[in-house]
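Model the full assembly from the supplied sequences, consistent with the hints where possible.
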Amino acid sequence: MARPLITARELEKRFGDKRVLRGIDLDLAEGQTLVVTGPNGSGKSTLLSLLAGLLAPTAGELEVRASRAEIGYLAHEPLVYRELTAFENLDLYGRLYRVPERRERIGMLFERFRLWDARHERVGSFSRGMAQRLALCRTLLHEPRLLLLDEPYGGLDAAGTSLLDAELAELATERTLVVATHEPERLAAATPSVKLAL
Amino acid sequence: MTAAEKYVLAAYLVVLGAVLLYVVLYSFKLARLEREVAELTALAERRNAQLREPELRQKEPVI
Amino acid sequence: MSTWLRNSRGASLSLAAFGLLVAGVALAVFWVPNDADQGFSQRIFYLHVPVALTSYACFGWAAWKALRLLQTRDQRYDLESYTAVHMGVIFGALTLATGSIWAKISWGRWWVWSERQLVLFLILFLFYSAYFMLRYSTEPGPRRANMSAVYALFGVALIPVSFLAIRLAESFIHPVVFNRHGPQMAGSMFLTFCVCLAGTLALAAALYQNELTGKRLDARLRALREALA
Amino acid sequence: MTAYASDVAALTRKDLLLELRSRDTLPSLLLFVVSALVVFHFALPASSSRLAAGGLLWVAIVFTALLALGRAFVAERAERVLDGLVLAPCDRSAIWLAKGISVAVFLAVAEAIAVPAFALFFAPVTWAMIGAIALADVGIAAVGTLLAAMAAASRARELLLPLLFLPPVIPLVVGGVGATVAEDPGRYLAFLALYDLLFAILSWASFEYVVTE
Chain A
1 MARPLITARE LEKRFGDKRV LRGIDLDLAE GQTLVVTGPN GSGKSTLLSL
51 LAGLLAPTAG ELEVRASRAE IGYLAHEPLV YRELTAFENL DLYGRLYRVP
101 ERRERIGMLF ERFRLWDARH ERVGSFSRGM AQRLALCRTL LHEPRLLLLD
151 EPYGGLDAAG TSLLDAELAE LATERTLVVA THEPERLAAA TPSVKLAL
Chain B
1001 MTAAEKYVLA AYLVVLGAVL LYVVLYSFKL ARLEREVAEL TALAERRNAQ
1051 LREPELRQKE PVI
Chain C
2001 MSTWLRNSRG ASLSLAAFGL LVAGVALAVF WVPNDADQGF SQRIFYLHVP
2051 VALTSYACFG WAAWKALRLL QTRDQRYDLE SYTAVHMGVI FGALTLATGS
2101 IWAKISWGRW WVWSERQLVL FLILFLFYSA YFMLRYSTEP GPRRANMSAV
2151 YALFGVALIP VSFLAIRLAE SFIHPVVFNR HGPQMAGSMF LTFCVCLAGT
2201 LALAAALYQN ELTGKRLDAR LRALREALA
Chain D
3001 MTAYASDVAA LTRKDLLLEL RSRDTLPSLL LFVVSALVVF HFALPASSSR
3051 LAAGGLLWVA IVFTALLALG RAFVAERAER VLDGLVLAPC DRSAIWLAKG
3101 ISVAVFLAVA EAIAVPAFAL FFAPVTWAMI GAIALADVGI AAVGTLLAAM
3151 AAASRARELL LPLLFLPPVI PLVVGGVGAT VAEDPGRYLA FLALYDLLFA
3201 ILSWASFEYV VTE
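Respectively, the protein sequence lines represent chains A, B, C and D. Those letters in the first sequence? Residues 1 to 198, by my numbering. Those letters in the second sequence? Residues 1001 to 1063, by my numbering. Those letters in the third sequence? Residues 2001 to 2229, by my numbering. Those letters in the fourth sequence? Residues 3001 to 3213, by my numbering.
Rather than coming from a laboratory, the hints here were simulated on the basis of the structure. Worth double-checking, as some hints may not be accurate.
[Unchecked claim] Calculated lysine-lysine pairs in the DSS-like style (CA-CA distance at most 30 Å, straight line): (1) B:K1006 / C:K2104; (2) C:K2104 / A:K18; (3) A:K18 / B:K1006; (4) A:K195 / A:K18; (5) C:K2104 / B:K1029.
Written as structure tokens, this is what we have:
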């Protein structure tokens, strides 16, 4: 069996005096789907930030066998510039991630997430749902091997939700997914192979 | 004592004063630490008391 | 006896500091002859310069610990670098105090811009005071440790650059160049100076060790409180 | 090398685009530097020499730089975009270099207005001054960008940046003023170049630690 993509032993994270994560053990192989559940403030986002490499563990071991170019991270915030247009944001990330045929790839993502006609509008003028869809485009832009999705359904309307359902179903087959949500029952599409309740 | 000697003495006293001030501030810190330790031992004892609670209740009905 | 000394480094350092300082002061005040041109007031030299050099040593030590932190990411070094900077600032302030007293003796005014060492310490004092502002306004954690470490390293690089700037500044601010007492001291003076320097260094080390223990005690108590909560 | 250069180019293009789009940093810098010079005119007693005026130009430059640096990471903080950039596979120092270049560009534009205004209000401008201003811009951008990133990660940003920035900028002011007033400015220009080299390398190497854990 190939070595797991993610290994964590006694993982702990502390912010000053507040301990947010403790004693997390985890093995996630390539292609599996991990669903992280728990109430708000249980440390789901912190765990995903640790997996993305944005935070360093306070104690314990964590090994993520994927380079930064192979990780897609969907955070609470869209991580895009409000003053720039949707296209300019994705173009910037496309260059930084050195995505081949950048423009075609961006155009295809805008169509798939129905943002094509808003592509030259300032992100500041976007609704919460549109910004979430743009963030999904940003996350999938460089076809990452490992996808870290923090509350992916946040702010999406009915159309957006069904669109994301289809997307997740397809992604779950060929990529490794880590989805953090406080309402796991909505994750009909991605059948979790590993569950972690915080 | 010439003016120069007074100033040199003043300089030495300034340094001595600084060290003493540091020691005084440090004693405040030690006092705080001691209070904290006392607090924590009390907390620990209360927790132990709670842990031993079940055995005590068993004994009472026997009397 | 040796085990007692080994396991309480703070106490043994304090003992060494006490001995050396008493010897140093005794030598400086009673034994060493007066300086030819400056007379008795030159004795402040045995206090002002050792304190200044100790302050440099503390900033250097802080930079070394900061470098270790950035290499090993071991948070233990953050506490040590922080304590060392704290020591550096205390001795820096003392350098400014004794320096201005020396200025009062030599030039009759509490502050002179022509004394390069003094001006350099003023800049360093401002710089490292901002170090504490940086620490107090960021959340404790690896991020703060990294930033403090980078800042401490910057400080050390700033020392020679600022000293050079001050020398350059002299030619257009006020060209009063003063030849202060150089290192060509007589044997007895140099011996006194070395004892005093060893004393202040030992004092800094003792305070550093004690304060570090105090900070570690704080951290352990917080962990204990959390364990019991 | 070209990968690094293309990252820096992409990030610099983004910074300049942000400024073009929001147009808030540059106009305020221009107005600030000129109004500072006017205020200084009234601050200077009538009989003061050219030396004093030269010095005040540098005070204006330092505080204009503070204004520009205060704005440096505002866009990145707004939507936690800095995390997005830190996640990208590019070398983190590219973020520092790109931001430094954009700060230097904004400063240069502000100085392009300030220096003629200085010549008009106070005293003639020498080539040595212009050289010193250019060298100082590099040093300010290098050190300032790093310190702005530190301040951006802390609570009291607007308060903290001046405290962090002013002590390290003192050598730059000495070099600048020296080049402005001294007869042989060569020594001061060399000192500025030394400062730029030393602190640019130091900032370039340490930026990574300021934005990651």
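Tested hints:
| no. | hint | in the structure |
| --- | --- | --- |
| 1 | B:K1006 / C:K2104 | 11 Å, holds |
| 2 | C:K2104 / A:K18 | 51 Å, violated |
| 3 | A:K18 / B:K1006 | 54 Å, violated |
| 4 | A:K195 / A:K18 | 25 Å, holds |
| 5 | C:K2104 / B:K1029 | 36 Å, violated |
Figure legend: structure checked against the earlier numbered hints; hints not met, in rising order: 2, 3 and 5.
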